[in-house]
Structure formats: structure tokens, C-alpha cells
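S.K.: Sequence:
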Amino acid sequence: MARSWPSDGGRRMSGMAGQVMKYKASPEGEYTSGLHPHINKLMSVILCDDQVAGLEVETKDGQWLNLALSPNFYIFVVGDPLMAWSNGRMHAVRHRVIMSGEKDRYSLGAFAVPIKEEP
Numbered sequence: 001m002a003r004s005w006p007s008d009g010g011r012r013m014s015g016m017a018g019q020v021m022k023y024k025a026s027p028e029g030e031y032t033s034g035l036h037p038h039i040n041k042l043m044s045v046i047l048c049d050d051q052v053a054g055l056e057v058e059t060k061d062g063q064w065l066n067l068a069l070s071p072n073f074y075i076f077v078v079g080d081p082l083m084a085w086s087n088g089r090m091h092a093v094r095h096r097v098i099m100s101g102e103k104d105r106y107s108l109g110a111f112a113v114p115i116k117e118e119p
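For the sequence shown, the positions run 1 to 119 when UniProt numbering is used.
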């Protein structure tokens, strides 16, 4: 069965959800997992981080890179659905948060989420 493009041009295929995330500081001298390694199952996310390090991405050879970002930067993270939709031209990256140090880490996320199609 062929599908036609929605009459609204596809504008209602996804919505947005926001979330403030707090990662607790780890005990002195220790590293703790703030967020387990994963690939987003949502379409995409835009992140705005504070100046506490911790966000890491996995390279193709399995190494973890700590992202040191300017306070004026936003991070666009591709999820599995967007990678599939782009036929692999955009890559869904595995990422995690590792905490070390005495300050809590805050991050603001804007998530693109699919909207359930009405019958």
C-alpha cells in the first residue's frame, strides 16, 4: 500500500519535548556513570550543557572522547530514526555521561519525538 505525503507537508510528523537533566557529582577521586552508554531512540536531541565536563562520544574504533565545549555551543545528536530516514547519511552516535569532580552537571535537552499517527 503506497503512502502519500501528509497534506500539512509533514510538519506534524514530530513534536518537541524538553527536559532538564541533573547529574550528581561523584565522590572525590572517583568516576561514576551519570548516563549509561546509548544511542538515542528518539529522532534527535539538541543539548545545551553547563561548563561541567562529562559528555563523551564513542568513536568508530571504540574509544571514548570527552567533549570540551564552549558555553555558547549547542550539540545536535542524531538518533536511530533520523539515521534510518537519512539512509545513513547522518550517523547516530553512541554517547554517555561520566562524572568526576565536585560539581553537579546540568544539561538542557530539546528532543524531537514522533507523533502517533491518527487512524
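Rather than coming from a laboratory, the hints here were simulated on the basis of the structure.
Cβ atoms here follow ideal geometry from the backbone N, Cα and C, with glycine treated the same way.
Don't take each hint at face value.
To be verified - Label pairs and their in silico Cβ distance ranges:
1) Leu67 / Ala25: 12 to 20 Å
2) Tyr74 / Ser33: 18 to 26 Å
3) Ser100 / Ile75: 30 to 38 Å
4) Met16 / Asp50: 36 to 44 Å
5) Met90 / Leu65: 17 to 25 Å
6) Leu69 / Thr32: 40 to 48 Å
7) Leu108 / Asn87: 38 to 46 Å
8) His36 / Gly101: 30 to 38 Å
9) Leu69 / Lys41: 33 to 41 Å
10) Met90 / Pro27: 21 to 29 Å
11) Ile115 / Lys24: 15 to 23 Å
S.K.: Confirm or reject each hint.
M.R.: Hint by hint, here is what the structure shows:
1. For the pair Leu67 and Ala25, the supplied restraint of 12 to 20 Å holds, since their beta-carbon distance comes to about 19 Å.
2. Our hint of 18 to 26 Å for Tyr74 and Ser33 holds, since their Cβ atoms are close to 24 Å apart.
3. Distance hint check: the CB atoms of Ser100 and Ile75 are about 20 Å apart, inconsistent with the given range 30 to 38 Å.
4. Separation of Met16 from Asp50 is about 21 Å and departs from the stated range, judged on CB atoms against 36 to 44 Å.
5. For Met90 and Leu65, the Cβ-Cβ distance of about 18 Å falls inside the hinted range of 17 to 25 Å, so the restraint holds.
6. Between Leu69 and Thr32 the beta carbon distance is about 21 Å. The supplied range of 40 to 48 Å is therefore violated.
7. The supplied range of 38 to 46 Å is broken by Leu108 and Asn87, whose beta-carbon atoms lie about 30 Å from each other.
8. A hinted range of 30 to 38 Å is violated for the C-beta pair His36 and Gly101, which are about 19 Å apart.
9. Against the hinted window of 33 to 41 Å, the Cβ-Cβ separation of Leu69 and Lys41 comes to about 24 Å, which falls outside the hint.
10. Roughly 38 Å separates the CB atoms of Met90 and Pro27, a value that falls outside the hinted 21 to 29 Å.
11. Against the hinted window of 15 to 23 Å, the Cβ-Cβ separation of Ile115 and Lys24 comes to about 33 Å, which falls outside the hint.
In summary, the structure is inconsistent with hints 3, 4, 6, 7, 8, 9, 10, 11 from the numbered list given earlier, while agreeing with the others.
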